[in-house]
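Enquirer: First to last, the sequence lines map onto chains A and B.
Going letter by letter, the first sequence gives residues 134 to 336 in my numbering.
Going letter by letter, the second sequence gives residues 39 to 460 in my numbering.
Heads up, some of the hints might be wrong.
[Unchecked claim] In silico contact screen, one side only, chain B against chain A (beta carbon under 8 angstroms); selected entries:
#, residue
1, 61
2, 63
3, 67
4, 70
5, 74
6, 203
7, 207
8, 210
9, 360
10, 362
No lab work stands behind these hints: they were computed from the structure.
Being a predicted model, the structure only gives us computed values, none of them experimental.
The C-beta atom is built at its ideal place from N, Cα and C for all residues, glycine as well.
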Amino acid sequence: MKHLVKLAAGLCLTLVLSINVNNSNAQTNSGKRKNVLYNITETGMLYGNETGISIKTVLGYRFQHKYSVGIGIGYQHYYLGSMLIDVEEKQFPDISVIPIFADVRYDLLDKKITPFIYGNAGFSHLVKMETTYEKFKQDKPGVVFEGGIGQKFSASVRRSFIISAGYQYSDVKGIVKTRFEAEQAAFDKYTFGRITFRVGLTL
Amino acid sequence: MNAFYKSFLIPVIVVMGTAFQGCVKDTCKRELPATIYTAVRKSLTDVRADVRMVAATEVHHPGKIYIKGSYIFLNELNKGIHVFDNRNPAAPKQISFINIPGNVDLAVSGNALYADSFMDLVVFDITDPVNVKLNKRVENVYDVRYNYQFTQVRDSLIVDYLARDTVYQLDCSSIPTGGPVMYSDANSVTLQNASAKSNYSAVAKGGSMSRFTVMNSTLYLIDNAEIKAYNIQQPDNPQFANTTKVAFGIETLFPYKNYLFVGANAGMYIMDASNPTAPVLKGTFSHVRSCDPVVVEDDKAYVTLRSGSACQGFTNQLEVVDVKNVEAPFLIKTYPMKNPWGLGIDNGKLFICEGKFGLKFLDASNTTDIKTVKLLEGIETYDVIPYNDVLLVSAKDGLYQYSYTDLQKPKLLSKIPVTDVK
């Protein structure tokens, strides 16, 4: 139920934003666009078995008006779903990762208001993973893939407001030991599928 | 087209996001490496017929050690005894292997070598170490120790285990407990115990971790909570004399004067063996539950307490106990240690194996102020025998010999390597 409420809140937010922007922006030719360095900073929600948060920033270069590539870094925090560990809720693992990724984007229109598609691919570094009865240590980087669509509302060559939605796959791989059997080790691979909703600014 | 984007893109985003709801499942897969041991059974007749001299072979899982003159007898856990000519400690020579299925303990008296073989006691004539001869088998010495290795009709028993590595694919909700060793045979408790001991190579010579010892023409051996005495006035024909119940958890025997110092995981027991075949409990020194080999010199007992799952304790220390009055032993001083295993003492020179933390050489001439003179790091040590200024050290990767004439500068004389196998 909590999950549905959060999902509904996210949807409402994106709808409100889209209505406001649609009402205030007329389609404008943006022929003045040129190749530029840019920065995108986005924040948003990750919807899955449990809701998470995400923030990321990308330093990129836009060329040929529509294409842009960049590299980014972020921070994501998950709670794992109850389907993973059938124990008391307080024992659910609590995971934070720092993804480092490549970012590619393509604007579908050469307009101030334009839809775009994007994709990310990279690796993630585990910052924190806690359960009450196990020790987990990352033994190699996880992977992160994300793809989605969005809409960009440009105010100038660099400045714009963007909203997007997509799907993200990520994993975390590591060695797990119980707190009582220090010598005993197993290898775990967690995979997460998340719907992403983000808002952000480009500068 | 643009109108389409403007009007419908955001609803499309929302719809697509909702459509992906089916892909938001989290998963977790756990891989648990394990070794599966499959029991190898042999008939009792074949097991008993399998005791014989064979060619020298590599050392794989060294067990307890006994020194007899210039010869070293080294147990290969559950397999038999390696014989080394150690007349030159700088270059020991392996001369033969005595195949003894189920062998763990050994002791030497005169020209007789005593060894266990599963539930039996076997006696060898080692007058010529190159040509050891089986003289006697005393059947069913151990009442309980190997009962669960027999088949129900007691016509065969487990003599070995075949190891196979595997990786279990599990759900992450399964907590990885119980160790990485899986047995495919329900009657596998004995090897599990033996495997736990296989990591240390207990040195005998009445040494700190021996379960066999000889004193006053009597062979003493530990069988669960009992000490059994065998009269060996006729060395090649041991005669059962008596059983003395002591306590559960007794682990080691050390003879000193006419006493047996019995190391147990709850304390040290002092048995008066003035009547060799009927030792009686004289004194007890209790301590926290732990593994605790003991050696004695000049009425001072040196006991190491070690933590670990097999020992059930959380203490790592050396205790020095005054045992002049065996009926009232008292603690002189405690010294903190890291992970002490076996120990040895020779004329105030104390040697303590610290497991993976190395080997300590200590000056124990003053028991209230024992000082570490030298710490040898880089070897994982389990037990020692000091003899004639030569220290025999059993370690994970081999059997080392050091000269300790100068305690501050021990000199490596030789190393008998251990070949690691499953």
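Enquirer: Are the hints correct? Go through all of them and say.
Expert: Taking the hints in turn, this is what the structure says about them:
1. 61: holds, 5 angstroms
2. 63: holds, 6 angstroms
3. 67: holds, 5 angstroms
4. 70: Holds, because the Cβ-Cβ distance from residue 70 of chain B to chain A comes to roughly 4 angstroms (cut-off 8 angstroms).
5. 74: violated, 16 angstroms
6. 203: violated, 14 angstroms
7. 207: violated, 10 angstroms
8. 210: Status holds, d = 6 angstroms.
9. 360: violated, 37 angstroms
10. 362: violated, 41 angstroms
Going through the hint list in order, the structure does not satisfy hints 5, 6, 7, 9, 10.
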